[in-house]
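S.K.: Chains as they are written, first to last, in our numbering: chain A, 75 to 227; chain B, 11 to 89.
Because the hints were derived from the structure by calculation, they are not lab data.
Cβ coordinates follow ideal geometry from the N, Cα and C atoms, glycine included.
It is possible that part of the hints are untrue.
Computed footprint of chain B on chain A, listed as stretches where at least three residues anywhere in the stretch have a Cβ under 8 Å from a Cβ of chain B [to be verified]: (1) 141-154; (2) 201-208; (3) 219-227.
Below, each chain spelled out in residue letters.
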Amino acid sequence: MPILSEQDRKTLQTRFKKDLKRDVTLTLYTVRSVGGLVLPGRECQTCSQTEELLTEMTKISPHISLIIKDFYVEAEETQAKGIDRIPCITLQAEGDEPSNLLFYGIPAGFEILTLIEDIVAASRGVSPLQLSARKALRKLETKVHLQVFVTPG
Amino acid sequence: MVHAEVVEAQEFPHLSQLYRVQAVPKTIINGVVEVLGAVSETTLLERVLNAVGQDDLLEGHAASRPEEAPTGPTSAVGS
Numbered sequence: 075m076p077i078l079s080e081q082d083r084k085t086l087q088t089r090f091k092k093d094l095k096r097d098v099t100l101t102l103y104t105v106r107s108v109g110g111l112v113l114p115g116r117e118c119q120t121c122s123q124t125e126e127l128l129t130e131m132t133k134i135s136p137h138i139s140l141i142i143k144d145f146y147v148e149a150e151e152t153q154a155k156g157i158d159r160i161p162c163i164t165l166q167a168e169g170d171e172p173s174n175l176l177f178y179g180i181p182a183g184f185e186i187l188t189l190i191e192d193i194v195a196a197s198r199g200v201s202p203l204q205l206s207a208r209k210a211l212r213k214l215e216t217k218v219h220l221q222v223f224v225t226p227g
Numbered sequence: 011m012v013h014a015e016v017v018e019a020q021e022f023p024h025l026s027q028l029y030r031v032q033a034v035p036k037t038i039i040n041g042v043v044e045v046l047g048a049v050s051e052t053t054l055l056e057r058v059l060n061a062v063g064q065d066d067l068l069e070g071h072a073a074s075r076p077e078e079a080p081t082g083p084t085s086a087v088g089s
């Protein structure tokens, strides 16, 4: 059974059709099972559901594509990107650098809205922040690491 | 210069415990500063700039309204 309801699908279709300009690639870092089996210690409760959800989203818009990578196989890459747990989603708009945003955990419930807004912002290449905030942030001299804790709601 | 992570609190209990996440949203800046609740853009910007000692960059940005609460609304994290 699909994760997104028919109603969700239609709403997203309308939104993506209206607001997506450039293609956006989602990368999911996960653990791939072999014949349904995962090595002990590498179990991931929401990885397969996250993959299913993102796959459904790619079917809603031709502007969204998904790359799936195994966290353990791509250890060097994940380390370089500072990804230390799974499932983890990153996004990159066509012609842009990968975004500095990581989603840890399944974007379920209302959290899917956060991911959708970020996909739209990346695709349009426009920040939703006020101009003065963007100006201030451009002058930052120190790295800022934000961790926003959420629940599906 | 800004890296952001959205963390599903219930899926990563060790991290939630580390940062004493009892209600969401909760934002942690550079592993130290805690911002509780859904605060305005201006409040979050102030906290970020304050955390890195660059409060001077706030000039030109609309100051937060004095009546605005220091923390925003939250929901408790279920067990």
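S.K.: None of the hints should be skipped; say for each whether it holds.
M.R.: Going down the list of hints, with the structure as the test:
Remark: the region 141-154 of chain A is not confirmed as covered by chain B, as 0 of its residues place a Cβ nearer than 8 Å to a Cβ of that chain, below the required three. With 4 residues bearing a CB less than 8 Å from a CB of chain B, the region 201-208 of chain A meets the requirement of three and the coverage assertion stands. For the region 219-227 of chain A, the stated coverage by chain B holds: 9 residues have a C-beta nearer than 8 Å to a C-beta of that chain, and at least 3 were required.
The structure fails hint 1 only (numbered hints given earlier).
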